[in-house]
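Sequential numbering from 1 applies to the sequence shown in the working numbering.
Just so you know, these hints were derived from the structure itself, not from any lab.
The calculated lysine-lysine pairs, modelled on DSSO-like cross-linking and capped at a C-alpha distance of 30 Å, are:
| no. | residue 1 | residue 2 |
| --- | --- | --- |
| 1 | Lys86 | Lys19 |
| 2 | Lys167 | Lys118 |
| 3 | Lys32 | Lys19 |
| 4 | Lys63 | Lys118 |
None of these values were measured; they are calculated from a predicted model.
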Amino acid sequence: PEKGVEAKEKGNEFFRAGKFAEAINEYREATKRDPTNAAYHNNLAAALSKLGDFNTAKEACEKALQLDPTYVKAWAKKGDIEFFMKEYHKALESYKKGLEVESNNPLCQQGLQRTAQKINEANMSGEVDMERAQHGMADPEVQAILSDPVIRNVLRDFQENPMEAQKALADPTVRAKIEKLMAAGVLQAK
1 PEKGVEAKEK
11 GNEFFRAGKF
21 AEAINEYREA
31 TKRDPTNAAY
41 HNNLAAALSK
51 LGDFNTAKEA
61 CEKALQLDPT
71 YVKAWAKKGD
81 IEFFMKEYHK
91 ALESYKKGLE
101 VESNNPLCQQ
111 GLQRTAQKIN
121 EANMSGEVDM
131 ERAQHGMADP
141 EVQAILSDPV
151 IRNVLRDFQE
161 NPMEAQKALA
171 DPTVRAKIEK
181 LMAAGVLQAK
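Use the sequences and the hints to build the structure in full.
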């Protein structure tokens with residue numbers, strides 16, 4: 001553990017100096033020395049995301065959260081990474097989970113606001129963001145929603161019978177699933 005602290009402190013120095021590759025090496029060393037320290041994994045995620053390695057950064061966040069599900073900084077970092085990956089539906093969930101742990105956390109509050117605003121802008125623009133839609137379609141949860149017969153009927157009703165679709169949205173479960181599809185970029189409001 002002491003060597004882990006040393007490596008983390010060196011990593012922090014490199015990070016502050018903008019030497020992210022060196023910081024990554026030190027944070028990896030810290031996680032090897034003390035693999036149960038969630039902060040080390042979160043620091044690794046921060047450095048990886050600075051170099052644009054979002055997939056590995058997200059894995060590091062998930063490891064931190066596996067170790068400590070109440071680690072709000074990791075929820076915020078995970079949300080930030082998902083935001084940059086245009087996985088807005090996942091970013092919303094991460095920020096909300098962080099706020100469940102600490103309701104007034106500014107990182108999660110700001111992230112949630114920024115993500116909701118981005119989703120609204122994207123939906124109002126009328127343009128389809130193919131990258132975002134592809135990320136959404138690759139998500140097993142989105143695939144499950146799209147294969148739900150009730151949701152398929154609601155989506156058909158949006159095209160053929162908008163009044164019936166509006167009635168279906170009164171059901172909170174249906175509404176949540178439709179909102180998830182919109183947040184994922186798979187469905188757009190017109």
